Amino acid sequence: MTHPPTDRRIDRLIHLLVEHATVVLPGPKIAAEIGASHSTVWNWIEKLRKLGVDIRGHHASGYQLRRLPDVLAPSLIRAELGDGEIGKKIIHYFLIDSTNTAAMELAAQGAPHGTVVIAEEQTSGRGRFGRAWYSEKSSGIYLSVLLRPDLQPSAAPILTLMAGLAAHHAVVAAARLVPDIRWPNDLLLNGKKLGGILTEMNAEMDRVHAVVLGIGINVNHTEMPPELRPVATSLRIEGRTAYSRIRLAAALLKQIEFFYHMLLREGSPVIAKRWAAASSFASGRRVRISSKNGDRFAQTVALEANGALRVRFDSGCEESLVSGEVVEIKPETRSQKPKSEKPE
Amino acid sequence: MPGKNPRKGSVPEGPNLDEIRGILDLLEERGIGEFELEKNGFRIRIKREPVHETVHHTAPVAQFETHHAKLPVEAAVSAHPVTPSAVAPGEPAAEPGASLHTIKSPIVGTFYASSSPDAPPFVKPGDVVQPGQVLCIIEAMKLMNEIEAEIAGEIARVFVENGQPVEYGQSLFAIIPA
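Heads up: the protein sequence lines correspond to chains S and Z, in order.
When you line the first sequence up against my numbering, it's residues 1 to 344, in that order.
When you line the second sequence up against my numbering, it's residues 1001 to 1178, in that order.
A few of these clues could be false.
Unchecked claim - Pairs of lysine-lysine, DSSO-like flavour, derived with a Cα cap of 27 Å:
| id | chain 1 | residue 1 | chain 2 | residue 2 |
| --- | --- | --- | --- | --- |
| 1 | Z | Lys1104 | S | Lys292 |
| 2 | S | Lys193 | S | Lys330 |
| 3 | S | Lys47 | S | Lys88 |
| 4 | S | Lys292 | Z | Lys1124 |
The hints are simulated quantities; they were obtained by calculation from the structure and are not laboratory data.
Predicted model, so just to flag it, every value in this text is computed and none were measured.
Taking the hints into account, I'd like the entire structure generated from these sequences.
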């Protein structure tokens, strides 16, 4: 790994400032509390300021928070979590290549179930087929959750739909917006991509060692880069307000905990049922299915208990998809709007 | 746990024609005279008359013996054969060149030979691999399952093509144990 995880004392510094938000904390006191030198504290305060954390004062006068920070500090996320296993250990990075890569390495080193890697910024956030995930600094949620499920590898793919379902409910809970879920687990708002999930598994023939759910959600991006604008969006763009990433990250971890236990307790059919209730893709949706052999057009029929998507091709034959890319066909692409039309 | 035993109801799968062809090519390429493989209750034994420097297009003299061992599928892995020289899957080869190690798919999905469409394949025939080295990715519902080499050896065959759907238990690679 090229970038080190965040010094835990920075987490304690943030926690200290949040806990004493009504008073001015003398610099030397902070230094003594977290066990760092005066100049280190000053450096870290400057670093947090660059991330947009609003801190008043200087080392001579002392420091005080003006507003609650939206840095994904482990202590602030954990404060919102219950006693669950997911997020018991959170490793924070200001900058990382990919949270998934780090989580897979931690998995190989024996890190426990529920370990979370979270970053303010990713330099090579990954999607499927080697695609990049645009990970703007401190605007989104980029986290990976390590699971060690007692499942046969062949039963593991439902975890990806479970992750999509959890992310859907987290957005509903924390932002009061209702995203659609595109099979198997993309989050869409107004037809544009809001979140994506890439899951990696390390398994033997009959035993899963580790599954890492890598989740990216666009939160406070005020605008997307031009090339992504037609296809991607953020909560802020759609909701016209800023959202607490801490609250959303915590909601996400809580929802994963909830649905993971539901899956272990009741099996995949209940996850499939809940997924189908939250997604417009479960049935009656016209889609294009891209694969190695080109594009085919179909109508979605049902979501099967194992997470496979049942579709009816235009030829009339039905198939249960376990992989491949499923994309909705938007009415706009068939009849183009006249260009002269003014926006509302 | 959810999910049925995927092995249930599957048909014992012996080496298919392609695999046999691959083995034959390999034996010819390396000048190996005798070869025996046991898989899912099938045993195949090939004996060639050594053909060396001659350039010709006639097939090498090959002798086939394929038995169906009539073992229940569930027991096929542990059940044991007939000949004392037979090697159980996963065990180190008792005789030099006696056995190819087969890597199979643990899930139904799509086979990817590389990490992205533009990247070179993880491995190709002739590559020497170490245990834990990633050989391919099987994708199902956006779950990327990195398939690793279980043993050290040389990749003898890649049985599937990039982007091809694979079944549970389908052979992906043959490795000549080091």
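Against the structure, the hints come out as follows:
Note on Z/Lys1104 and S/Lys292: the hinted pairing holds, with a Cα-Cα distance of about 21 Å set against a maximum of 27 Å. Restraint check for S/Lys193 and S/Lys330: the C-alpha separation of about 14 Å stays at or below 27 Å, so the hint holds. A threshold of 27 Å between alpha carbons decides the hint, and for S/Lys47 with S/Lys88 the separation of about 26 Å falls inside it, so the pair holds. A threshold of 27 Å between alpha carbons decides the hint, and for S/Lys292 with Z/Lys1124 the separation of about 20 Å falls inside it, so the pair holds.
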